[in-house]
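**Student:** Sequence:
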Amino acid sequence: MRSKTRDKVLKAARDLFNEQSTAAVSIDDIAAAARVSDLHAHFRDKQEIIRALFDEYIHALDGDWRPAKEPAKNIAMVVKNLAELNKMRWEYRFVNRELILLARADSRIRAAYQATYERRFSELRVLVQQMVLQDLVRVPRLPRTIDDLLMNVWLISDSWFSHMELTGDPTDPDHADRVNDVLMVTLEPYLTHQGRELFEKFAQ
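Take the sequence shown: its letter number 89 is residue 89 in UniProt numbering, and every next letter is one higher.
No lab work stands behind these hints: they were computed from the structure. Treat the hints with caution; some may be incorrect.
[Said to hold, decoys possible] Straight-line Cα separation of at most 20 Å, SDA-like style, residue types lysine to any residue; simulated pairs:
#1 Lys4 with Asp29
#2 Lys87 with His175
#3 Lys87 with Ala203
#4 Lys80 with Val126
#5 Lys46 with Ala33
#6 Lys4 with Ala41
Generate coordinates for the entire structure from the input sequences, incorporating the hints supplied.
**Tutor:** Structure below.
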């Protein structure tokens with residue numbers, strides 16, 4: 001069972017990392033924000049805290065992408081999962097903002113990200129292939145592929161908070177939500193008439 005003190009430390013660290021950066025926050029800052037005097041009883045150092053938060057983030061992203069037999073259920077699932085993913089990315093926005101640096105600094109984080117990427121990409125490929133068969137999605141014109149379309153969606157999602165940091169207001173959740181509009185610009189040309197109608201229905 002996880003201790004309440006450990007959870008308090010992780011929550012305080014996540015808030016500080018989101019507001020500032022992992023480099024700008026010290027372990028003493030985290031202890032003070034969490035009002036914990038025995039932080040080292042739970043975490044050896046700041047890197048262990050970062051790793052624990054990354055594990056939380058990866059676990060939070062583990063949604064259900066298994067395709068359904070009914071076309072409407074697949075579109076409803078995609079709309080729901082995209083909204084939940086955006087919420088998680090906002091709550092752990094320091095991860096996406098600093099992803100390359102975090103992966104370079106910690107081989108375990110890099111390995112966990114790569115494993116998640118490979119598993120999720122495979123799940124999404126199966127889902128989109130089913131949506132093609134259900135006349136919801138069009139296959140890109142050769143030599144482009146479904147994988148290219150998925151890669152585009154992945155890159156936009158993963159880089160959005162870095163983009164916000166440089167060009168917008170990184171503290172504005174409404175700006176964060178705009179990523180779904182940008183994703184729809186990417187996806188809409190590949191939706192069939194039926195797919196577009198269902199997206200509009202469930203996105204309301």
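**Student:** Checking against the hints above, which ones are violated?
**Tutor:** The structure breaks none of the hints.
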